[in-house]
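Respectively, the protein sequence lines represent chains A and B.
Each residue of the first sequence is one higher than the one before, starting from 1 at the first, in this note's numbering.
Each residue of the second sequence is one higher than the one before, starting from 1 at the first, in this note's numbering.
No wet-lab data here; the hints were simulated from the structure.
Remember, it's a predicted structure, so these values are computed and weren't measured experimentally.
Any given hint could turn out to be false.
[To be verified] Pairwise CB distance ranges, derived in the manner of DEER restraints:
| hint | chain 1 | residue 1 | chain 2 | residue 2 | range |
| --- | --- | --- | --- | --- | --- |
| 1 | B | Asp-60 | A | Val-92 | 47 to 53 angstroms |
| 2 | B | Pro-13 | A | Asp-230 | 25 to 31 angstroms |
| 3 | A | Val-99 | B | Val-130 | 31 to 37 angstroms |
| 4 | A | Gly-123 | B | Arg-245 | 28 to 34 angstroms |
| 5 | A | Gly-11 | B | Ala-37 | 47 to 53 angstroms |
[What the hints assert, rightly or not] What the simulated footprint calls covered on chain A by chain B, stretch by stretch (three residues with Cβ under 8 angstroms from a Cβ of chain B suffice, anywhere in the stretch; the number is not a length):
| hint | region |
| --- | --- |
| 6 | 2 to 12 |
| 7 | 93 to 104 |
| 8 | 159 to 171 |
| 9 | 200 to 213 |
| 10 | 236 to 244 |
Each residue gets a CB set at the ideal place from its N, CA and C atoms; glycine is no exception.
One letter stands for each residue in the lines below.
There are 2 protein chains.
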Amino acid sequence: MGRIEVIPLAGIPEVSEGDDLASLILDAVGRESLALADGDVVVVKHKIVSKAEGRVVSIDAVEPGRKARALAKKEGKDPRLVELMLRESVRVVRASHGVIITRTKQGLVCANSGIDQSNVGKGSVALLPVDPDRSARNLRRVLEKRTGRRLAVVVSDTFGRPWRLGQTDVAIGCSGMLPLLRYAGKKDRFGYRLRVTEPSVADEIAGAAELAIGKLNGMPAAVVRGVEYDRGEGGVKGMLMPPERDLFR
Amino acid sequence: MGRIEVIPLAGIPEVSEGDDLASLILDAVGRESLALADGDVVVVKHKIVSKAEGRVVSIDAVEPGRKARALAKKEGKDPRLVELMLRESVRVVRASHGVIITRTKQGLVCANSGIDQSNVGKGSVALLPVDPDRSARNLRRVLEKRTGRRLAVVVSDTFGRPWRLGQTDVAIGCSGMLPLLRYAGKKDRFGYRLRVTEPSVADEIAGAAELAIGKLNGMPAAVVRGVEYDRGEGGVKGMLMPPERDLFR
Numbered sequence: 001m002g003r004i005e006v007i008p009l010a011g012i013p014e015v016s017e018g019d020d021l022a023s024l025i026l027d028a029v030g031r032e033s034l035a036l037a038d039g040d041v042v043v044v045k046h047k048i049v050s051k052a053e054g055r056v057v058s059i060d061a062v063e064p065g066r067k068a069r070a071l072a073k074k075e076g077k078d079p080r081l082v083e084l085m086l087r088e089s090v091r092v093v094r095a096s097h098g099v100i101i102t103r104t105k106q107g108l109v110c111a112n113s114g115i116d117q118s119n120v121g122k123g124s125v126a127l128l129p130v131d132p133d134r135s136a137r138n139l140r141r142v143l144e145k146r147t148g149r150r151l152a153v154v155v156s157d158t159f160g161r162p163w164r165l166g167q168t169d170v171a172i173g174c175s176g177m178l179p180l181l182r183y184a185g186k187k188d189r190f191g192y193r194l195r196v197t198e199p200s201v202a203d204e205i206a207g208a209a210e211l212a213i214g215k216l217n218g219m220p221a222a223v224v225r226g227v228e229y230d231r232g233e234g235g236v237k238g239m240l241m242p243p244e245r246d247l248f249r
Numbered sequence: 001m002g003r004i005e006v007i008p009l010a011g012i013p014e015v016s017e018g019d020d021l022a023s024l025i026l027d028a029v030g031r032e033s034l035a036l037a038d039g040d041v042v043v044v045k046h047k048i049v050s051k052a053e054g055r056v057v058s059i060d061a062v063e064p065g066r067k068a069r070a071l072a073k074k075e076g077k078d079p080r081l082v083e084l085m086l087r088e089s090v091r092v093v094r095a096s097h098g099v100i101i102t103r104t105k106q107g108l109v110c111a112n113s114g115i116d117q118s119n120v121g122k123g124s125v126a127l128l129p130v131d132p133d134r135s136a137r138n139l140r141r142v143l144e145k146r147t148g149r150r151l152a153v154v155v156s157d158t159f160g161r162p163w164r165l166g167q168t169d170v171a172i173g174c175s176g177m178l179p180l181l182r183y184a185g186k187k188d189r190f191g192y193r194l195r196v197t198e199p200s201v202a203d204e205i206a207g208a209a210e211l212a213i214g215k216l217n218g219m220p221a222a223v224v225r226g227v228e229y230d231r232g233e234g235g236v237k238g239m240l241m242p243p244e245r246d247l248f249r
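Isolated chain A (complex conformation):
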């Protein structure tokens, strides 16, 4: 097992709808005097994906309905934002203490349906990509075609956790890799079968990228090199807890 390196990609400019993310990323890779190598994982913050896909909404244009107004009042939030949270979700999981947690249409459980006000611009918010696994796949294909390398792509977002303060970056989409590393059936040094251990390498990669990316400098992407993962196309979709096994509905 070797070392892992996380290389933040500086200098990616403001992204607008229709921008070619692959070019912006490859330009940034070039500025780092880097060449992508087989096995590299390119991590992109969902926000630049959302912007490139036109998933930015002007908050003034949103007309909150009755349910949104009631929930906004209860939790002390902007009713227009809450209206968007409801539109982007299939279910409110918890709303309490000023926190609104939903299951999004993508199947993700997170605060505010993943709607983000930071680094977007005054009066606008970014919604999650409609299908982050597809976004990752599209980006991976273009990057692979232009570089001739076998790559993986992780689209990341910043999520809170139920029993800990703070947040970690997790994968909301991936391509070119299975999100879980399957040790199941393998044995440890004492012959004990590691039945249940399936490390979420996609989430750990997203978190490792965040350590290098930070938040204030606006760097939206990183390359993670040297990680062991299984190639495949299950997507983050395939890692979500099936509702019938969800103990925290």
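Position chain B against the provided structure of chain A, taking the given hints into account.
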């Protein structure tokens, strides 16, 4: 912002009660032709900490009580293991679908009270360290004394997550660093105040280390270099969700 490197520490031998972890780690660092530098974070899997602290229990010596026997029957588990889970916890958070989630005496919410059967040896299990922040602090102090460097230590464990399959490594103890990076009050590129963003660098560091450590090869430690964090002694304790704000009790 610079690059981050994760260096797994190979060749740490089986650990027994009373072993000097700092020496084992510094020997392994030496074998990597490495010298610890100011700011390096040493990540150790809790299991070697537990073993060094004598937190290994022979499962045959455990006499399950009535509550443990009932819960074990319901969830299809070894009643002696369930007895230990109950002894190590203050509350069962969920028990369903063959999964037992507790709040441990350390305040952690996790499966099986963090009791671990893998890589321990037949008939024995490892309990969590009594106070993982203290374990981290003790190790950090010895490492700093012997190297003359300012270091941080993270004690990690592998936790499941409520809405995703698989696991990630998280920090259960830390020293020499605050587990959360406090952006609160700072502003993003558009002047939007990042009030709520506090990345859990301790957890992301634990996850990054796991990417390099893996599971089967038994490597129990890594060095993470180049991460921005705040020095301090809040410990993982200070990052746990206060019960009154816990929406998933």
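Going through the earlier hints one by one, which of them does the structure break, listed in rising order?
-> Number 5 only.
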